Structure formats: structure tokens, C-alpha cells
Amino acid sequence: DAGVIQSPRHEVTEMGQEVTLRCKPISGHNSLFWYRQTMMRGLELLIYFNNNVPIDDSGMPEDRFSAKMPNASFSTLKIQPSEPRDSAVYFCASSWDGPETQYFGPGTRLLVL
Amino acid sequence: RKEVEQDPGPFNVPEGATVAFNCTYSNSASQSFFWYRQDCRKEPKLLMSVYSSGNEDGRFTAQLNRASQYISLLIRDSKLSDSATYLCVVTKNSGNTPLVFGKGTRLSVIA
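Chains as they are written, first to last, in our numbering: chain A, 1320 to 1432; chain B, 77 to 187.
None of these hints come from the bench; they were simulated from the model. Computed from a predicted model, the values in this text were never measured in an experiment. Ideal Cβ placement from N, Cα and C applies to all residues, glycine included. Treat the hints loosely; a few may be bogus.
Claimed, not checked - Among the chain B residues that face chain A by a calculated CB cut under 10 Å, a handful are:
| id | residue |
| --- | --- |
| 1 | VAL89 |
| 2 | GLN107 |
| 3 | PHE110 |
| 4 | GLU119 |
| 5 | PRO120 |
| 6 | LYS168 |
| 7 | PRO174 |
| 8 | LEU175 |
Stated by the list, open to error - Derived DSS-like pairs (lysine-lysine); straight-line CA-CA distance at most 25 Å:
| id | chain 1 | residue 1 | chain 2 | residue 2 |
| --- | --- | --- | --- | --- |
| 9 | B | LYS168 | B | LYS118 |
| 10 | B | LYS118 | A | LYS1343 |
| 11 | B | LYS118 | A | LYS1397 |
| 12 | B | LYS78 | B | LYS121 |
Turn these sequences into a full structure, and let the hints guide you.
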């Protein structure tokens, strides 16, 4: 039974480059969440979707960040242009009927030089 | 005030010891409460939900005090495999909502 799948698992890029992170939620889940984890700030919600519709994007740092969910099985988080302060672990999580069923993917470790 | 506050630790305890973690949350609208475990360089995973009546799962006991907005986790008979970061987690409000995480308490169980 596949869990949440994220790609790439690691990304190293240079400042100014575009970065795209991808997530495939667990089949049948109707909510998808993007979180970011840093040592300084811990785990923070960036945005979440319910039935492919963005519900709350108040955690998105600034206009450089954008997220889409074109269908129930795929979501992207894009950073353009990237900056060194974007370096973090980005987690995608999905759930179907409540927070107790929220499962996390393995994360994407992003390093912006 | 942070939404969820925890003592970052680290807590270094010998095998077999009992250790307790506490956290406080600021949003009285939070409806669901959890402890998550995160191993080094891994994703967070649900350890247990927390109920007002208190709940136990083997060596782990969780308690919630809504009036004080306080959550606790007790680990008895610590094992080496319990070494991890324990995250106190609440929901923003009711329903299928995002989770709000504390920064975690690091536990090291020493042989």
C-alpha cells in the first residue's frame, strides 16, 4: 500500500533558479497539505487543498511560492525565484476524513546555494 | 505567544526510566490533539491521539487539560528505540483541518 510519494527527495539549486516539488497523495484522500520544516521555525503549514481546491494559503511566505493541485492524485509546490532562506525540508501530507488520518510523505530536502 | 510551546530538551534518560513531556497551546478553538514522533531525517508519524479522559497505549500515556490548555505525554520503561523528537500537535479548529506543530522535544535514551 503506497504512502504519500514526494519527488525529488533531495534538491540542490542555485539562488534564482526555479524549483518544483511534487506530491502524490494516498489514493482516496481528499485533503492535501504542504508543510515546511526548518530548525528555527519547526513545521509550518504553507497551504492546503480540499477536493483539489486551495482552502488556506495564508502560510505561503510570499509571491515567489505557488501551489497547484490539477487533479486528486497530484500536486506541485513551486518556488520562483528560489533564495537561500528557502532551504528547508518540505513535507506533503494527505488525509481523507480528519486529522487523525493525516499521513506525511518522506519530504524533499531543498538546499538553495 | 507561539501557538504550541514545548520544552526543546534534550532529555537524556537511562533505559528503563520514566520521562514526561509537556506542552501548552494558545488556541482555545483547537479540537483535536496529538503526539507525533519524528526520527532523525524522517517524516513525522502519529504516535497517539490525546483525549480529555486521558488515554494509554502500552508504555505511553497522554493527558489533556482543556481548561489549562495543557497536554502531556508520559513514557514508562524507556527503550533505546524511543529516542526521537516528540511533537505536540493541535488542530487549528474542527473538522479535517491542518495541524499546528510544536517545535518538538528531543529524547535520547541511553544504555
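Proposed interface contact between LEU175(B) and chain A, which counts if any beta carbon pair is under 10 Å = holds, 6 Å
Within 25 Å, alpha carbon to alpha carbon, are LYS118(B) and LYS1397(A)?
-> holds, 22 Å
Hint validity - PHE110(B) Cβ closer than 10 Å to any chain A Cβ = At about 7 Å, which falls below the 10 Å cut-off, the nearest Cβ of chain A leaves the hint on PHE110(B) intact, so it holds.
Keeping to a limit of 25 Å between CA atoms, is the pair of LYS78(B) and LYS121(B) held or broken?
-> Holds, because 22 Å separates the two Cα atoms, which is no more than 25 Å.
Satisfaction of the PRO120(B) interface hint, Cβ to chain A closer than 10 Å | Holds, about 6 Å.
Minimum beta-carbon distance criterion (10 Å), VAL89(B) to chain A = violated, 23 Å
Interface restraint verdict for GLN107(B) against chain A (beta-carbon cut-off 10 Å) | holds, 9 Å
When the least beta-carbon distance from GLU119(B) to chain A is tested against 10 Å, hint result | Where the cut-off is 10 Å and the nearest Cβ of chain A is about 4 Å from GLU119(B), the hint holds.
How about PRO174(B): closest beta carbon in chain A under 10 Å, or not?
-> holds, 4 Å
Does the structure keep LYS168(B) and LYS118(B) at a Cα separation of 25 Å or less?
-> Holds, at about 24 Å.
Given the proposed pairing of LYS118(B) with LYS1343(A), does the C-alpha separation stay at or below 25 Å?
-> holds, 18 Å
Holds or violated: LYS168(B) as interface residue toward chain A, Cβ cutoff 10 Å?
-> At about 8 Å, which falls below the 10 Å cut-off, the nearest Cβ of chain A leaves the hint on LYS168(B) intact, so it holds.
Hint 1 from the list above is the single one not met by this structure.
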